[in-house]
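Q: Below, each chain spelled out in residue letters.
Number of protein chains: 2
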Amino acid sequence: MRWLRFSVPGTPEAFGILEGDRVREVRGSPFGEWEATSRVLELAQVKVEVPFIPRTFYAAGLNYTRHIMEGAARRGEPPAVPMKPDMGYRAVNALIAHEEPVVIPADATKVQYEGELAVVIGRKAKHLTEEEAFGCILGYTIGNDVSERVWQKSDRTFWRSKNTDTFKPMGPWIETELDLEAAETRVRLNGEVRTHFRTNDMLFGIARFISTMTRYLTLHPGDVIWMGTDGSSPDLKPGDVVEVEISGLGSLRNPFIAEAPR
Amino acid sequence: MRWLRFSVPGTPEAFGILEGDRVREVRGSPFGEWEATSRVLELAQVKVEVPFIPRTFYAAGLNYTRHIMEGAARRGEPPAVPMKPDMGYRAVNALIAHEEPVVIPADATKVQYEGELAVVIGRKAKHLTEEEAFGCILGYTIGNDVSERVWQKSDRTFWRSKNTDTFKPMGPWIETELDLEAAETRVRLNGEVRTHFRTNDMLFGIARFISTMTRYLTLHPGDVIWMGTDGSSPDLKPGDVVEVEISGLGSLRNPFIAEAPR
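Which chain is which? The protein sequence lines are Z and X, in order.
Under numbering that gives the first Met the number 0, think of the first position of the first sequence as 0, with each following residue one higher.
Under numbering that gives the first Met the number 0, think of the first position of the second sequence as 0, with each following residue one higher.
It is possible that some hints are incorrect.
One copy or any two copies: either way a pair holds, since identical chains are not told apart in the list.
Stated by the list, open to error - In silico DSS-like links for lysine-lysine, alpha-carbon gap of 30 Å or less:
1) K125 to K152
2) K152 to K83
3) K109 to K83
4) K152 to K123
FYI, nobody ran anything at the bench for these hints, they're computed from the structure.
Make a model of the complete structure from these sequences and hints.
A: Rendered as structure tokens:
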């Protein structure tokens, strides 16, 4: 089942369920009570919105071996492979929807993509075992953890390198059934596959993260966990189009444009 | 003017305006449309709730000189004084209200307080100059950035050291008028002042932070910025009561208790 959030001019944003290439509008929300309505629209005729605004926006960061190795090589540092799952944060100001443009600030010089699986929490959860962990998940969506590598190195935190406005494309929808073991992530730059990895080839898997996190914190419906990326990215420039595809889930595509002069 | 969020058994949470030792209930929210109602309750008879759930929860981190020096000395490291304002993040799962208990996890060994001024954003803002920065502020509240120092050192991020459930007391209310230059922060442990500093004695002030941040990101109504703390804290134990007072603003008091056995 695929949940999306959409809008059409003149009516408020709503959740919908994808039925082939059509969208059935829903009253309510997948995070609470909902019922399907009789209103059905063509997917091609609605604006796809960010599927939800996370309550807490978690990000695993370093969670695939090749990404850690290539990042360390780029910085001329020895690779620091995490020994345990430590969760970071991203910020909702930076979220944009499928097809919306990533705006490269005038003073940004090294912008790169990171294609990621995003785990959408559907139930309140604390003290879950690894066996119980999947029980709090509503579904999965796709994230592009756009990063400015110079700022990532120069700043004390990731506030600017990863959370500049428009740096967090997420969508296009939430898929509630995903064969994780079979899933593959492909990132296309201007139509050409430049990064390709098994989505579930993680250093620490989803169950391990959720179990570790909920030892100390409560997960809430509408929280999201971005699971990290593998490989590396070329430097992006205005005019580029980046598409993150996860097989069985969908494809998140965003153009990159230059900041308008002020 | 003081805004608080409160509840009484049997009715939903609501915003209210403090009138002496009474609360006037408000329909709506200080972040949007609102109107006062005729319902007035005794402050002593309502439960004070977290004044709002932030949309994005920013934290300045290192922003007072003595705190940086004493933290470095504690870790046996040279002090790293930030050269520019870089913003970090905290998480809403950890928020608790005035008088609610901070729960010390069974495996936590070095829990400390950090009394902080919290800046509450009331208007959408981008590209503000330092002169314009205060125009997006609704008011101020108080935060206690409770931290577990062993985890702060051992973990790759602050997810556990600073965002364990109940580690972020905030409140008791939002004060819309505050004489920043006159304000002093006092932290009392079991009634005795243990930390005392001029609230506005920051490395980078509020205007500088907001101006720097909004070069890259949009601030939204309901965002909060915790401005950091000065000095250091003793290690806290179950049974302790910590009170963060900012003169002209109010006082945020929370007991510390042990995690119940599972």
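Q: First find the shortest C-alpha distance between K152 and K83 inside one copy, then the shortest across copies, and answer within, between, both or neither for a cut-off of 30 Å.
A: Both. Shortest intra-copy (22 Å) and inter-copy (14 Å) distances satisfy the 30 Å Cα cut-off.
Q: Is it within, between, both or neither when you check K125 against K152 at 30 Å Cα-Cα?
A: between (34 Å within a copy, 24 Å between copies)
Q: Tell me, please, which holds for K109 and K83 at an alpha-carbon limit of 30 Å: within, between, both or neither?
A: both (29 Å within a copy, 20 Å between copies)
Q: Reference check for the pair K152 and K123, CA-CA at most 30 Å: within, between, both, or neither?
A: Close across copies (29 Å), not inside one copy (35 Å); limit 30 Å.
Checked against the numbered hints listed earlier, the structure breaks none of them; every hint is satisfied.
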